[in-house]
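Top to bottom, those sequences are chains A and B.
Mapping of the first sequence onto my numbering: position 152 corresponds to residue 152, and the numbering continues sequentially without gaps.
Mapping of the second sequence onto my numbering: position 204 corresponds to residue 204, and the numbering continues sequentially without gaps.
It is possible that some hints are incorrect.
[To be verified] One-sided excerpt, in silico: chain B residues whose CB lies under 8 Å from chain A: (1) E41; (2) P124; (3) R145; (4) G161; (5) R162; (6) S218; (7) N413; (8) E415; (9) T417; (10) Y420; (11) N455.
Keep in mind the hints are simulated off the structure, nothing from the lab.
The beta carbon of each residue, even a glycine, is placed where N, CA and C say it ideally should be.
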Amino acid sequence: MLNYIAKRLAMAIPTLWIVITLSFFLMRIAPGGPFDGERQLPPEIEANLMAAYHLDEPLWMQYLRYMGNLLQGDFGPSFKYKDFSVTELIMQGFPVSLELGALAIGLALLLGLPMGVMAALKRNTALDYSLMGVALGGIAIPNFVIAPLMALFFGVILGWLPVGGWNGGALPNLVLPVVALAIQQIAYVARMMRASMIEVLGSHYIRTARAKGLQEYEVILRHALRPAMLPVLSYLGPAIAGIITGSVVIEQIFGLPGIGRYFVQGALNRDYTLVMGTVVFYGVLIVLMNLIVDLLYSLFDPQIRYDD
Amino acid sequence: MSASPLQRNASGLALGLAMATSTLFASATQAQTLDIGVMGELASFDTSQVAGGVWESQVLMDVYEGLFKLAPDGELLPGMATDYQVSEDGRTYTFQLRDDARWSDGEPVTAEDFVTGWRHLLKPRNASKYAYMLYPVVNAEAVNRGDMPPEKLGVEALDEGRTLRVELEHSTPYFPQLLTHYTAYPLPTHLLEEHGSDWVDLEHIATNGAFTPVEWVSQSRISVEPNSQYYDAEQVSLERVNYHTSEDRNAALSRFRAGELDIVREYASERYQWLKENLPEATRMAPYLGSYYYVFNHRDGHPTSDARVREALSLAIRRKVLAEQLMQGTFEPAHAFVPPGVNHYEGLDEAPTAGKLEARMARARKLLQEAGYGPDNPLQLRLRYNSSEEHKRIAVAIAAMWRPLGVEVDLINAEATVHYQTIAEGDFDVARAGWVADYNDAENFLTLLKSGVGNNYGAYANPAFDALLEKAARTQDADARQALLEEAETLAMQDHAVAPLLYYVSRNLVNPALKGWQNNIEDDHPSRWISFEE
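So that you can see chain A by itself, here it is in the shape it has in the complex (with noise of 0.2 Å):
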């Protein structure tokens, strides 16, 4: 098992040099600079802003800087937001990200399993239709919908949660934000569910399982439950790292500090540094997730195993 994690985390290095290099090299390609914008500036301060950070240096020198610093620990500082660095940035918004995508998950998986369990064992019934339209439109709703309208309606007319705000993380102020991020989870967890648990119903070992005269809910929960849950956990890998890693929309729309904003702000700012960082710590924890992913599916399928 030790052996199988340092080998991925081995081969993670090779993929993590070229989502940078590419990244580097995409947003360098990009038309407009950080100090493009409404204003043009005087040629001398366009060229004093050049040489502090080191642009009007040759690209593949910017590009050693960059990557002997990185080695360093060291992301930089933001080009925009001159009281930070790029790694104070993420370390100040990714606890707020990642506490909001922990828990939407935390709620998708609450409610999007059994929904999916109780759809696909009521097949082609009325709970089932109902459940799996609930499941569609919140797949088919935006966010950017839902979201101001759960503020309109809990914050606004009704007063019950606050609109908007952060406050340290306090309840009232979570709510509507890790419903509004869960909603669509829930959805794709139950669909998921649904599928892979039907599925699961129809194979041999639950037949069998059945034909020993074992309970029906002994059937479930001790049979299919597990293998039912494989496709969920796939798609999980790569959906926490998503969701951990912050939402533009709903941080802009209920005013969070998390991280989401700086991958659409530094783009749009071509603030380099802050996209580098982003895209790393992105990058890092795709990996991380996938691996975990990877080891889970040992736990759930005793025919995976990583020993030899």
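Let chain A serve as the given structure and place chain B on it in line with the hints.
Only chain B this time, still in chain A's reference frame:
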């Protein structure tokens, strides 16, 4: 948060909107905490590093104070300076600093701190985007270029730091206005010496304004509290100000309606009609120092290098329709480049683009025909705008207004960064641009049309215009200078250097329970004047 009446009062959907709006402003007797929704985040408390967002000056003017400060109505008041004298040639300013000015850590504010701040701004390695604001000061440009040491800057501290003397390159009548800009604030010399670039960390920072920063959660909120060392601290009634980063204007509106924000700096223009009907007491709109215009490309090879084409295009634009119908009254129609309300400026007597539509269209057709365009040879234009729903609506409408002239328009949009880079390179026929003044003076607008200036995207070049601006810059008499600037603008408008379209207005939501907020043309609202009604 001062009041969240809606959260407490409304209890059901059935009560609906009517209830919501009627209770929104019911009470404001909670702690004197002001919550302001601003459209972006401050780049830095180091004024040399500020990126130029309007929202940034809101925070900075609350925590720092320059030689002058702004009254609620935008007028200049004495700030760190109690008095000043200008030499006869208008090139030497001598300021007497107040004795009781202190940084929030108790150290006195001296003339040396201004010298430090201005040199810091102009040092090339600090790469300040707005360093050019101080270019009127002797040697400022050379220092910023790195051709001279900062010590050569024309500013010095006298009388043991109680007097500041500034030498200007030439007479600059708007210099006092410039001094309210954050680039002219002092910086705490003692902290820069002690902590270097870390002086700006919240654990070290000291400020000399009415407030001082206490907390900064990036992308969420900056909080400031009264500066007990401020000379006028007794007059400051707020106990805390929170600036909430709220880029999503509709989300900011929801937070305002829920009582979470007391002020929203800029609501979405498309919500204006709704706001006017539902939150009339809170919805503010006022003239603003901003111009929304279309740049014509004057470079050779572009159809718009022909004055007849430019005039025809400008004549065919129905500005009132743009302002009143398309933008629902959230802009004013513009027939000149310099917006009304600018200090010591009257503007054009007669706008070439005003007048009856039929007459304008007839003249436009004639001009295009003379320029060689007609059904067999239609005028084809590339119109560029930066991506936004607002700019798109305006561009589509203008293309439709030009269609009766047989003009075929290719609309091209790009994100702002790309848009401005492209038009700076001259790759367009007509392009959208906007300008919000750095300081309240017509010169700040007219400079955009001077030949060789980076912001003169269309490369308009008229030596007579340039000469008038040069002459105005050397003229001390305010009336004579005004006449020269007006003459220059008249000339540029006769040349149809650009097509002015709309004047910006400021759009704020202000809790009616607040006292001390006044609409003003700069749209500057220092929090120190604001309080909640008892």
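Going through the hints against the structure:
With a cut of 8 Å, the hint placing E41 (chain B) at the interface with chain A holds, because the nearest CB-to-CB distance is about 7 Å. Annotation: P124 (chain B) was flagged as interfacial toward chain A, and the flag holds, the nearest CB pair being 5 Å apart, inside 8 Å. Look at R145 (chain B): its Cβ gets to within about 5 Å of chain A, closer than 8 Å, so that hint holds up. Of the supplied interface hints, the one on G161 (chain B) is violated, with its beta-carbon coming no nearer than about 28 Å to a beta-carbon of chain A, more than 8 Å.
With its C-beta approaching chain A no nearer than about 32 Å, R162 (chain B) sits outside the 8 Å limit, and its interface hint is violated. Taking 8 Å as the C-beta contact cut-off toward chain A, the hint placing S218 (chain B) at the interface holds, the least distance being around 5 Å. For N413 (chain B), the suggested interface contact is broken, since its CB lies about 14 Å from the closest CB of chain A, more than 8 Å. The beta carbon of E415 (chain B) is positioned within 8 Å of a beta carbon in chain A (closest approach about 6 Å), and the interface hint is therefore held.
The interface hint given for T417 (chain B) holds, since its Cβ lies 3 Å from the closest Cβ of chain A, which is under the 8 Å cut-off. This hint holds: Y420 (chain B) has a C-beta 6 Å from the nearest C-beta of chain A, less than the 8 Å allowed. Below 8 Å, beta-carbon pairs count as interface contacts, and N455 (chain B) has one with chain A at about 5 Å; its hint therefore holds.
When held up to the earlier numbered hints, the structure conflicts with 4, 5, 7 and fits the remainder.
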